[in-house]
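Take these sequences, add in the hints, and give me the full structure.
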Amino acid sequence: MSETSCIRDARRLVVKVGSTLVTDEGRGLDPVAIDRWGAQLARLRAFGKEVVMVSSGAIAEGVKRLGWPRRPSEIHELQAAAAVGQMGLAQVYESCFRAHGLQTAQVLLTHEDLADRTRYLNARSTLLTLLRLGVVPIINENDTVVTDEIKVGDNDTLGALVTNLIDADALVILTDQKGLYTADPRRDPDARLLPSVIAGDPALEGMAGGAGSSIGKGGMITKVLAARRAAYGGASTVVCSGREADVLVRLAGGERVGTEFVAQTPRLAARKQWLADHLQLRGAVRVDAGAERALRDDGKSLLPIGVVEVVGDFERGEAVAVLDAQGRELARGLINYGASDARRIARRPSSEIEAVLGFVEESELIHRDNLVLR
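According to the numbering used here, the sequence shown holds residues 6 to 379 in order.
Hints were generated in silico from the structure; no laboratory data involved.
A virtual CB, placed ideally from N, CA and C, is assigned to each residue, including glycine.
It is possible that some hints are incorrect.
Stated by the list, open to error - Using C-beta positions, here's what the derived DEER-type ranges look like:
id : residue 1 : residue 2 : range
1  : 285       : 189       : 17 to 25 Å
2  : 53        : 334       : 18 to 26 Å
3  : 14        : 127       : 24 to 32 Å
4  : 348       : 183       : 22 to 30 Å
5  : 99        : 345       : 41 to 49 Å
Next up, the structure:
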């Protein structure tokens, strides 16, 4: 593998910083630390790179401002702390980054924003517009309203999802650990730092330990899984210590720091991997044997004539499962017609769609570019 960091040639980056790197040991945000990140991002911008930052720290700041002795466990108290802390997060980033000539914008996301196709496209358009305007988006999960049903879960995962959302070339996960070791270095003196691995290698999960601190929620396992998700979009990931001096600038200069998770998936195939892994299914269509052969063996689109049953209530553009005659998931994809319209044109040739519905969105129920086999 290359001895040069993947960050050197990356034009668009997502940088995720953990709680321990932006807070004073969990006692609220650390403006001095955030100023250092601003200085490094300004230099990356000077190198011609677009940067999106995913930052933890809102709840820790809220806990400090509310005078609580420790991070609460009740969901409503966490949401209250996040609401208070987001004010501080935006203020500190805005003032610190402005000192380095950087304009910032706060963007709060939930998993639902990324799973719903329309909201996903809206979020993508907003972020790409901000980057085009030279603004640095500061992204966090919207902990003030999030529930388990719409929760991303941790900012490592959020960083990977944002990487795919904006077609970033690479993801940098900055933590208080040097990278991925062959074993837990706190317990095994013979553990070795791995400089380069293949993203998605199942063996990597066995090497990852649990959560690293009481301040954040992550741990090496979430970083390994995030690197696998980012690889779905063709992006490599670097996991390294944010306590290394000028680590982002050194990575951008080509220096290898930490562990690089190399993506093996080309971007076109990666889009289908994302479709398979990240969208919530809103319903299903069951197909006959002829349609199954066309999809599986010939790489064809799904036409209405091959559909024998429509299950659920979904809208145009939502993700649905494609089931075979036995009810097993054959594929999944983005459907071109809502459930009621799909039922009306099922078992009919595409030439009759307009006669039945009075309009034609597409001749295919699911186009092959928006379909992935399971």
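Exercise. State the violated hints by number, sorted upward, taking the hints as numbered earlier in the document.
Key: 1, 2, 4
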